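For the record, the sequence lines run as chains X and G. For the first sequence, this note's numbering assigns the number 1 to the initial residue and increments by one for each residue that follows. For the second sequence, this note's numbering assigns the number 1 to the initial residue and increments by one for each residue that follows.
The set of hints was computed from the structure by calculation and includes no laboratory data. Among the hints, a few may not be true.
[Claimed, not checked] Under the rule of at most 27 Å between Cα atoms (straight-line distance), these lysine-lysine pairs were calculated in the DSS-like manner:
1. Lys137(X) to Lys208(X)
2. Lys192(X) to Lys507(G)
3. Lys268(G) to Lys190(X)
4. Lys192(X) to Lys89(X)
5. Lys496(G) to Lys124(X)
6. Lys111(X) to Lys89(X)
7. Lys496(G) to Lys207(G)
8. Lys208(X) to Lys124(X)
9. Lys137(X) to Lys207(G)
10. Lys314(X) to Lys346(X)
11. Lys168(X) to Lys207(G)
12. Lys137(X) to Lys436(G)
13. Lys346(X) to Lys436(G)
14. Lys496(G) to Lys314(X)
15. Lys496(G) to Lys192(X)
16. Lys139(X) to Lys397(G)
17. Lys192(X) to Lys431(G)
18. Lys69(G) to Lys139(X)
19. Lys168(X) to Lys436(G)
20. Lys507(G) to Lys346(X)
21. Lys397(G) to Lys124(X)
22. Lys169(G) to Lys168(X)
23. Lys207(G) to Lys290(X)
24. Lys201(X) to Lys139(X)
25. Lys139(X) to Lys431(G)
26. Lys141(X) to Lys431(G)
27. Lys397(G) to Lys141(X)
Note that the structure is a prediction, hence the values are computed from the model and not measured.
Here is how the chains run, residue by residue.
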Amino acid sequence: MKSFKLVGLALLWLGLVGKEHNQNPLFFELPLQIEDSFERIEMAELMEEGFIEPISIALNRDSERPLFYESTIRTTVCDDEICEIMYIKLYWDLVGDYVGYDTVATHPLTKFDHEPFTENDYSKLHELLNNDGSILKFKQKSELIDKEKIKASDVVDGTTGATALEIKDEVVEGALYSSYTLWHLSHSGKIKNMINEHTEKLYDSSLKNIFIASGRTGYKYFVIQRLTDQDYISDTDLWTGFLISDIPLAKKKILNNIPNLLLDKESIQLELAALFSSLDVNSRTVLLNKFQDAQFVYESAIEELSKNIYLMNKNQTNVFLTLIEGGLFKGDLLISNLKTAYNNTKFAYGYLLEDFIKNNYED
Amino acid sequence: MIYRIVTFLLVSFFSFQLSYAQRVLIEAESFDDPGGWVVDPQFVEQMGSPYLMAHGMGTPVANAHTKFKLDEAGEYHIWVRSKNWAPGDWEAPGRFQVAINGQTLPETLGTTPGWSWEYAGKVSLKAGATEIDLIDLTGFNGRCDAIFFSTDESTPPRGNAELATWRMKESNEASSPEEVLEFDLVVVGGGIAGCASAIAAAEQGLKVALIHDRPVLGGNASSEIRVHTLGIYGHFERILRMLDTEHYPNGSPEAYQDEIKRHKNVEKYENIHLFTNWRAYDANTNGNRIESVDARHTSEGKRIRFVAPRFVDSTGDGWIGFWAGADFMYGRESVDTYGEAYEEWGELWSPEEADDFVMGSSVLWRTVKADAYTDFPEVPWAEEVAQSHEATEGTWKWELSRLDLHQIDDAEEIRDHMLKAIYGSFANAKKTEASKDLKFEWISYLIGKRESRRLVGDYIFTFNDVTDLRKFEDSVVMEIREIDVHYQQNLTDESKPDFLSEAIFYKTPQYYIPYRSLYSKNIDNLFMAGRNFSCSHIGLGGPRVMRTTGQMGAAVGIAAVICEKYGIDPREVYTDHLEEYMILIEAQKTYNTIAPKK
Numbered sequence: 001m002k003s004f005k006l007v008g009l010a011l012l013w014l015g016l017v018g019k020e021h022n023q024n025p026l027f028f029e030l031p032l033q034i035e036d037s038f039e040r041i042e043m044a045e046l047m048e049e050g051f052i053e054p055i056s057i058a059l060n061r062d063s064e065r066p067l068f069y070e071s072t073i074r075t076t077v078c079d080d081e082i083c084e085i086m087y088i089k090l091y092w093d094l095v096g097d098y099v100g101y102d103t104v105a106t107h108p109l110t111k112f113d114h115e116p117f118t119e120n121d122y123s124k125l126h127e128l129l130n131n132d133g134s135i136l137k138f139k140q141k142s143e144l145i146d147k148e149k150i151k152a153s154d155v156v157d158g159t160t161g162a163t164a165l166e167i168k169d170e171v172v173e174g175a176l177y178s179s180y181t182l183w184h185l186s187h188s189g190k191i192k193n194m195i196n197e198h199t200e201k202l203y204d205s206s207l208k209n210i211f212i213a214s215g216r217t218g219y220k221y222f223v224i225q226r227l228t229d230q231d232y233i234s235d236t237d238l239w240t241g242f243l244i245s246d247i248p249l250a251k252k253k254i255l256n257n258i259p260n261l262l263l264d265k266e267s268i269q270l271e272l273a274a275l276f277s278s279l280d281v282n283s284r285t286v287l288l289n290k291f292q293d294a295q296f297v298y299e300s301a302i303e304e305l306s307k308n309i310y311l312m313n314k315n316q317t318n319v320f321l322t323l324i325e326g327g328l329f330k331g332d333l334l335i336s337n338l339k340t341a342y343n344n345t346k347f348a349y350g351y352l353l354e355d356f357i358k359n360n361y362e363d
Numbered sequence: 001m002i003y004r005i006v007t008f009l010l011v012s013f014f015s016f017q018l019s020y021a022q023r024v025l026i027e028a029e030s031f032d033d034p035g036g037w038v039v040d041p042q043f044v045e046q047m048g049s050p051y052l053m054a055h056g057m058g059t060p061v062a063n064a065h066t067k068f069k070l071d072e073a074g075e076y077h078i079w080v081r082s083k084n085w086a087p088g089d090w091e092a093p094g095r096f097q098v099a100i101n102g103q104t105l106p107e108t109l110g111t112t113p114g115w116s117w118e119y120a121g122k123v124s125l126k127a128g129a130t131e132i133d134l135i136d137l138t139g140f141n142g143r144c145d146a147i148f149f150s151t152d153e154s155t156p157p158r159g160n161a162e163l164a165t166w167r168m169k170e171s172n173e174a175s176s177p178e179e180v181l182e183f184d185l186v187v188v189g190g191g192i193a194g195c196a197s198a199i200a201a202a203e204q205g206l207k208v209a210l211i212h213d214r215p216v217l218g219g220n221a222s223s224e225i226r227v228h229t230l231g232i233y234g235h236f237e238r239i240l241r242m243l244d245t246e247h248y249p250n251g252s253p254e255a256y257q258d259e260i261k262r263h264k265n266v267e268k269y270e271n272i273h274l275f276t277n278w279r280a281y282d283a284n285t286n287g288n289r290i291e292s293v294d295a296r297h298t299s300e301g302k303r304i305r306f307v308a309p310r311f312v313d314s315t316g317d318g319w320i321g322f323w324a325g326a327d328f329m330y331g332r333e334s335v336d337t338y339g340e341a342y343e344e345w346g347e348l349w350s351p352e353e354a355d356d357f358v359m360g361s362s363v364l365w366r367t368v369k370a371d372a373y374t375d376f377p378e379v380p381w382a383e384e385v386a387q388s389h390e391a392t393e394g395t396w397k398w399e400l401s402r403l404d405l406h407q408i409d410d411a412e413e414i415r416d417h418m419l420k421a422i423y424g425s426f427a428n429a430k431k432t433e434a435s436k437d438l439k440f441e442w443i444s445y446l447i448g449k450r451e452s453r454r455l456v457g458d459y460i461f462t463f464n465d466v467t468d469l470r471k472f473e474d475s476v477v478m479e480i481r482e483i484d485v486h487y488q489q490n491l492t493d494e495s496k497p498d499f500l501s502e503a504i505f506y507k508t509p510q511y512y513i514p515y516r517s518l519y520s521k522n523i524d525n526l527f528m529a530g531r532n533f534s535c536s537h538i539g540l541g542g543p544r545v546m547r548t549t550g551q552m553g554a555a556v557g558i559a560a561v562i563c564e565k566y567g568i569d570p571r572e573v574y575t576d577h578l579e580e581y582m583i584l585i586e587a588q589k590t591y592n593t594i595a596p597k598k
């Protein structure tokens with residue numbers, strides 16, 4: 001509770017005077033302390049339409065490694081008639097995902113009626129910027145206001161009643177255009193591309209290991225995108241680890257990229273089959289399709305897969321049955337697992353097995 | 001009553017003994033009075049027939065009722081073709097019973113996974129008028145395809161191919177339709193594109209057949225699906241204003257008003273022959289030409305052969321092209337196929353390797369506040385899908401695409417998955433204080449598809465045509481709306497429900513679509529308009545919205561007029577008559593009739 005009060009007081013003070021440098025940012029989601037000793041390297045500039053000056057992006061690094069990117073931004077925020085100047089510092093991680101923001105000394109954030117941001121407003125802004133699926137993504141600036149509700153006497157950005165209803169809950173009250181501008185900056189594709197290109201140049205085995213150990217989804221995906229056939233062959237633990245713990249998009253990519261040379265090995269097939277139950281529905285489909293495309297499927301892998309028939313959906317079950325049709329596999333374990341799945345009342349597609357078992361495994 | 005009943009003697013010889021079986025097949029969709037059940041013809045190609053469904057949103061619907069004349073008295077075995085649409089370790093959600101002549105048979109139906117014949121019981125019947133009632137027990141989408149009476153004990157076939165042959169035999173159906181009608185242009189699919197096509201061609205004097213498998217026009221914009229129209233009018237503001245919608249929230253009942261407008265506008269053209277509730281089921285070809293399209297009434301079963309020199313495929317799923325053997329595409333092309341990268345979105349936008357992760361289908365729904373607390377039953381069969389998600393309305397984000405699900409072949413499973421998502425999420429919400437007075441106002445039982453087959457034309461429209469701002473000599477469609485391509489939320493966050501999607505936007509000042517993307521590359525007399533036009537997966541991202549597809553429809557309607565005038569095929573409009581065609585396109589801002597020469 002005490003620390004909440006301190007943060008509250010600090011935010012209130014910031015609201016009055018803005019932020020001095022050398023303090024840690026208001027919001028910063030990477031697990032590190034920003035230090036004066038960090039080297040700040042100007043990386044690139046970007047000129048966006050409507051900005052009063054180019055956006056300069058800098059890499060921060062310590063003596064050993066790159067850490068994050070930042071940009072101190074001075075831009076206008078305008079409605080149809082009135083413009084204000086806004087100062088803010090934005091932070092991105094090494095793959096261009098937003099990680100925080102900070103105010104700039106003597107320039108606290110204000111609303112369109114010049115009222116300073118409250119503590120809640122600062123938090124709300126970070127919450128908004130942290131949401132890469134915000135509704136603001138889909139909106140043109142002209143769609144932010146329900147124009148039928150605007151009264152002549154209202155200050156536009158302050159007329160929360162006129163803020164389109166579906167947007168209202170997502171933005172900082174009274175700072176509609178600031179919220180909009182900052183969200184689109186924080187999630188700018190151009191900035192993300194520039195950052196990724198720059199990080200690519202710094203990428204080596206050391207950074208790869210840091211990314212793997214980071215636990216950050218974006219960092220791990222950056223690694224997965226750069227795995228070579230040799231990486232797959234020499235470091236099975238790495239990609240099978242990703243298959244267990246990473247996001248479905250990453251799992252799909254790994255499964256698609258496993259070299260055929262590796263997939264032809266019994267040990268790999270067995271390991272993949274054993275992972276079936278820990279995969280998401282789409283990765284399971286990719287895995288079954290990989291088996292279907294493989295030159296040869298080992299009986300041990302089939303038997304391992306058959307333990308999880310009851311987890312398969314309709315089309316996955318059909319793919320599995322095509323793998324074993326023709327009576328190629330007659331092991332007791334497979335037959336037993338087929339019958340168990342057929343008799344499992346929680347398995348919705350047992351009926352698909354009925355004729356198959358009769359035709360292939362019953363005299 | 002118009003129903004398909006065939007009674008005949010089955011004569012079989014076995015051990016030199018002669019046996020006779022009396023058999024009657026009643027198609028459920030042909031019932032005299034469907035009561036509260038709805039006719040669902042969406043999945044005919046997959047499961048064999050339109051069927052009746054008790055879409056009561058949790059409240060049992062009124063009985064469906066019919067009667068027929070039984071020729072001979074006897075002990076009849078009764079089978080009902082049905083399906084448990086949510087099988088598992090719980091009571092089936094769509095349970096129902098059958099009553100014959102007021103006597104309810106004891107078997108509960110709708111309990112067997114997969115479409116199959118469920119045995120309803122044995123009844124002793126007299127010859128003469130026989131009545132059937134379908135009694136819904138749950139209000140949760142029980143479904144009945146057909147009822148079969150036989151004095152013989154053998155179960156009708158289950159497999160699709162065998163069943164189709166059996167059905168034709170039992171119905172004593174001839175190989176071709178009873179009635180043949182001729183038109184200048186046959187448009188199949190009465191969505192916005194099809195309607196625009198029909199109007200554009202009819203205004204120039206063509207005799208047009210507009211075939212649509214629903215009672216109302218509009219497709220995704222209809223009151224049955226309720227997606228608002230987006231995009232600009234291009235050259236066709238006058239025509240498209242007759243058909244489009246206001247920008248109300250998706251799912252709004254305001255869709256009814258626009259539907260009334262749409263019907264009035266289409267029906268005022270005397271030379272548009274409207275065939276609502278008719279579903280095309282085949283295209284008959286000679287070489288690379290379609291000679292006719294066969295369609296069946298969705299409830300009466302009657303068939304018509306539509307003969308014309310040219311056809312428009314605006315079915316959305318590209319069925320006419322598919323049946324005719326037109327080249328088509330399905331799925332997401334690899335990023336290198338057409339060079340369609342959107343770098344910062346990588347795999348979510350365009351995959352490294354081609355896959356079937358197309359944009360998904362939506363089912364929209366709404367709730368309304370009741371006067372007092374309303375109960376909602378437990379829905380254990382929906383929990384696996386909805387999990388802990390709470391919701392009281394659907395938006396465009398309620399969308400399902402999955403790698404194992406084909407948007408056409410598995411459309412019924414997709415619709416049913418969305419129903420589970422809706423019922424389950426609402427049941428979760430109902431446990432909260434804020435939602436205790438809410439009840440369902442409406443759930444669509446039709447799926448609103450975004451993407452399925454795309455027929456290949458002389459030109460394949462891609463993302464590059466947008467990024468390069470490419471303008472064509474045959475630009476007939478223009479659009480300023482951004483390209484938006486969807487992906488499932490659970491791809492990047494596994495904790496998200498699998499029925500929610502996200503969109504990626506690419507803003508563009510303006511792009512154009514050439515006429516060459518609106519006719520088939522290999523079927524000489526086939527136009528296409530709507531989401532099945534010639535484009536890549538990413539190319540579809542922008543122009544799939546309905547004012548843009550409406551532009552396509554109007555453009556092919558006009559092209560059909562040029563074709564008729566010169567007796568040519570669609571391609572020749574581009575190669576030989578482009579100037580005249582483009583003048584006619586430009587003239588669409590006013591009602592400028594140029595009647596074709598016959």
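Status of the hints after comparison with the structure:
Distance restraint check for Lys137(X) and Lys208(X): the Cα-Cα separation of roughly 31 Å exceeds the 27 Å cut-off, and the hinted pair is therefore not satisfied. For the hint pairing Lys192(X) with Lys507(G), the CA-to-CA distance comes to about 17 Å; that is within 27 Å, so the pair holds. For the suggested pair Lys268(G) and Lys190(X), the alpha carbons sit about 51 Å apart, so the restraint of at most 27 Å is broken. For a cut-off of 27 Å, the pair hint linking Lys192(X) to Lys89(X) stands: about 16 Å separates their Cα positions.
A C-alpha spacing of about 22 Å is found between Lys496(G) and Lys124(X), which places the hinted pair at or below 27 Å, so the restraint holds. Under the criterion of a C-alpha separation no larger than 27 Å, the hint pairing Lys111(X) with Lys89(X) is consistent with the structure, at around 17 Å. Distance hint between Lys496(G) and Lys207(G) is unfulfilled; the C-alpha atoms sit about 51 Å from each other, more than 27 Å. Under the criterion of a C-alpha separation no larger than 27 Å, the hint pairing Lys208(X) with Lys124(X) is inconsistent with the structure, at around 34 Å.
At most 27 Å may separate the alpha-carbon atoms for a hinted pair to count; Lys137(X) and Lys207(G) exceed this at roughly 46 Å. Between Lys314(X) and Lys346(X) the CA atoms are separated by roughly 13 Å; this keeps the pair inside 27 Å, and the hint holds. A threshold of 27 Å between alpha carbons decides the hint, and for Lys168(X) with Lys207(G) the separation of about 51 Å lies outside it, so the pair is violated. For the suggested pair Lys137(X) and Lys436(G), the alpha carbons sit about 33 Å apart, so the restraint of at most 27 Å is broken.
With a C-alpha separation of about 31 Å, the suggested pair Lys346(X) and Lys436(G) falls outside the 27 Å cut-off, and the hint is violated. For the hint pairing Lys496(G) with Lys314(X), the CA-to-CA distance comes to about 22 Å; that is within 27 Å, so the pair holds. Under the criterion of a C-alpha separation no larger than 27 Å, the hint pairing Lys496(G) with Lys192(X) is consistent with the structure, at around 24 Å. Distance hint between Lys139(X) and Lys397(G) is fulfilled; the C-alpha atoms sit about 15 Å from each other, no more than 27 Å.
Between Lys192(X) and Lys431(G) the alpha-carbon distance is near 42 Å, which puts this suggested pair outside the 27 Å criterion. About 61 Å separates the Cα atoms of Lys69(G) and Lys139(X), which puts this hinted pair outside 27 Å; it is violated. This hinted pair checks out: Lys168(X) and Lys436(G) have alpha carbons roughly 25 Å apart, not beyond 27 Å. Proposed proximity of Lys507(G) and Lys346(X) is contradicted: the alpha carbons are some 47 Å apart, above 27 Å.
Distance restraint check for Lys397(G) and Lys124(X): the Cα-Cα separation of roughly 24 Å lies within the 27 Å cut-off, and the hinted pair is therefore satisfied. Pair hint Lys169(G) plus Lys168(X) does not hold up; C-alpha atoms about 62 Å apart against a cutoff of 27 Å. Proximity of Lys207(G) to Lys290(X) is assessed by CA-CA distance (about 52 Å); at most 27 Å being required, the pair is judged violated. Restraint check for Lys201(X) and Lys139(X): the C-alpha separation of about 34 Å exceeds 27 Å, so the hint is violated.
For the suggested pair Lys139(X) and Lys431(G), the alpha carbons sit about 33 Å apart, so the restraint of at most 27 Å is broken. Pair hint Lys141(X) plus Lys431(G) does not hold up; C-alpha atoms about 38 Å apart against a cutoff of 27 Å. Between Lys397(G) and Lys141(X) the alpha-carbon distance is near 21 Å, which keeps this suggested pair within the 27 Å criterion.
Hint compliance for this structure: hints 1, 3, 7, 8, 9, 11, 12, 13, 17, 18, 20, 22, 23, 24, 25, 26 are broken, all remaining hints hold.
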